[in-house]
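> Protein chains in written order, with this note's numbering: chain B, 26 to 149; chain S, 12 to 193.
A couple of the hints might just be wrong.
[Unchecked claim] Label pairs and their computed distance ranges (CB to CB):
hint, chain 1, residue 1, chain 2, residue 2, range
1, B, Q121, S, S86, 55 to 63 Å
2, B, P54, S, V42, 24 to 32 Å
3, B, G104, S, A51, 44 to 52 Å
4, S, G39, B, R100, 26 to 34 Å
5, S, H75, B, R99, 40 to 48 Å
6, B, P54, S, S177, 36 to 44 Å
7, S, V42, B, E94, 40 to 48 Å
8, B, A103, S, A186, 33 to 41 Å
9, S, L28, B, E94, 52 to 60 Å
10, S, G39, B, E94, 33 to 41 Å
11, S, R131, B, G126, 34 to 42 Å
12, B, R100, S, T54, 41 to 49 Å
13, S, E58, B, R98, 18 to 26 Å
Quick caveat, the hints were computed from the structure, so don't treat them as lab data. C-beta atoms are modelled at their ideal positions from N, C-alpha and C, and glycine is treated no differently.
The residues making up each chain are set out below.
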Amino acid sequence: MTAPRQVALAALALLACALLAGCGDQRPPGVTAGDPARGRIALAQYGCRACHMIPGVTGSEVYVGRPLEHMMRRRVIAGKLPNDQPNLVRWIRDPQAIDPGTAMPNLGVSERDAIDMSAYLLGH
Amino acid sequence: MPATRTRLILTTALATLLGAGAVAALAGFVVLRAGWYNVAATTQHFEFVYRMLEQAMHYSARHHAQTVLVPALDSRARIVRGAALYHDNCAQCHGAPGVAPGLHGMGMQPTPGPLVDASRHWKPRELYWITRHGIKMSGMPAWEYHMSENELWDTVAFVMELPRLSAADYDAMTAAQPEAAR
Numbered sequence: 026m027t028a029p030r031q032v033a034l035a036a037l038a039l040l041a042c043a044l045l046a047g048c049g050d051q052r053p054p055g056v057t058a059g060d061p062a063r064g065r066i067a068l069a070q071y072g073c074r075a076c077h078m079i080p081g082v083t084g085s086e087v088y089v090g091r092p093l094e095h096m097m098r099r100r101v102i103a104g105k106l107p108n109d110q111p112n113l114v115r116w117i118r119d120p121q122a123i124d125p126g127t128a129m130p131n132l133g134v135s136e137r138d139a140i141d142m143s144a145y146l147l148g149h
Numbered sequence: 012m013p014a015t016r017t018r019l020i021l022t023t024a025l026a027t028l029l030g031a032g033a034v035a036a037l038a039g040f041v042v043l044r045a046g047w048y049n050v051a052a053t054t055q056h057f058e059f060v061y062r063m064l065e066q067a068m069h070y071s072a073r074h075h076a077q078t079v080l081v082p083a084l085d086s087r088a089r090i091v092r093g094a095a096l097y098h099d100n101c102a103q104c105h106g107a108p109g110v111a112p113g114l115h116g117m118g119m120q121p122t123p124g125p126l127v128d129a130s131r132h133w134k135p136r137e138l139y140w141i142t143r144h145g146i147k148m149s150g151m152p153a154w155e156y157h158m159s160e161n162e163l164w165d166t167v168a169f170v171m172e173l174p175r176l177s178a179a180d181y182d183a184m185t186a187a188q189p190e191a192a193r
């Protein structure tokens, strides 16, 4: 292998590393914790998709709960809470504590899973 | 001459089709037999595959329910009996207003849909047909083996009533259920 070719290969490898690292660290503004990839699966495994349409999570066309796209653009969640990650986690874990009349049940979501879910939702 | 030429074209076209079909079948068999398809519940169907299967389910249920004769469903007693049946047998997977499904229901794939909007998508006879016969590969059992004919219709009557119930209404209806009402 010639020297210029080796240099080109090394540069390519460096670029690939930089790109991968960039993707790994990518968290939307306002999201300080959680693993979005794990959150996406958790949203399916807690049955969230049964009532809510969620971008990137496969399921039926359903309007029982409101669609959850563009979450980061919302100012308020549940009609009263400022939309930030800690409040979204609170709502996911115990919606009835915030709005006793809501049809959304307490699904027994663990704190870790709720943080991961919120990280996914606020990034889509 | 034109006849020979036409025959050659047809033979070539047929051989190409058969060859392509054989290659596709072989490729499919290899993927299947090698176990490359991931059956884990944590991997999803493609959206278009899911939608196609769901549409097929809708068409099939609508078609097969066409001959079902619907009894009177609006009696209060029927709806109250249906509430108890729903609470005992359906809410574990489908949930209810303010009530989460059980852990197994929550995690099932496909996710058992909420039934609070079922009466917007289905006629009573279709709900009856689905409840009675179940849905293949979805986990929905055929309830004709676990409920009487009357109980099936009680359940349908209650599901038709569900959109009108708040979480508090559902709670009141199912909490105040004496065993004798069934």
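> Run every hint past the structure and note whether it holds.
Quick rundown of the hints versus the structure:
{"no.": "1", "hint": "Q121/B x S86/S: 55 to 63 Å", "in the structure": "violated, 32 Å"}
{"no.": "2", "hint": "P54/B x V42/S: 24 to 32 Å", "in the structure": "violated, 42 Å"}
{"no.": "3", "hint": "G104/B x A51/S: 44 to 52 Å", "in the structure": "violated, 37 Å"}
{"no.": "4", "hint": "G39/S x R100/B: 26 to 34 Å", "in the structure": "violated, 50 Å"}
{"no.": "5", "hint": "H75/S x R99/B: 40 to 48 Å", "in the structure": "holds, 42 Å"}
{"no.": "6", "hint": "P54/B x S177/S: 36 to 44 Å", "in the structure": "holds, 37 Å"}
{"no.": "7", "hint": "V42/S x E94/B: 40 to 48 Å", "in the structure": "violated, 33 Å"}
{"no.": "8", "hint": "A103/B x A186/S: 33 to 41 Å", "in the structure": "violated, 25 Å"}
{"no.": "9", "hint": "L28/S x E94/B: 52 to 60 Å", "in the structure": "violated, 43 Å"}
{"no.": "10", "hint": "G39/S x E94/B: 33 to 41 Å", "in the structure": "holds, 35 Å"}
{"no.": "11", "hint": "R131/S x G126/B: 34 to 42 Å", "in the structure": "violated, 21 Å"}
{"no.": "12", "hint": "R100/B x T54/S: 41 to 49 Å", "in the structure": "violated, 35 Å"}
{"no.": "13", "hint": "E58/S x R98/B: 18 to 26 Å", "in the structure": "holds, 23 Å"}
The structure shown violates the earlier hints numbered 1, 2, 3, 4, 7, 8, 9, 11 and 12.
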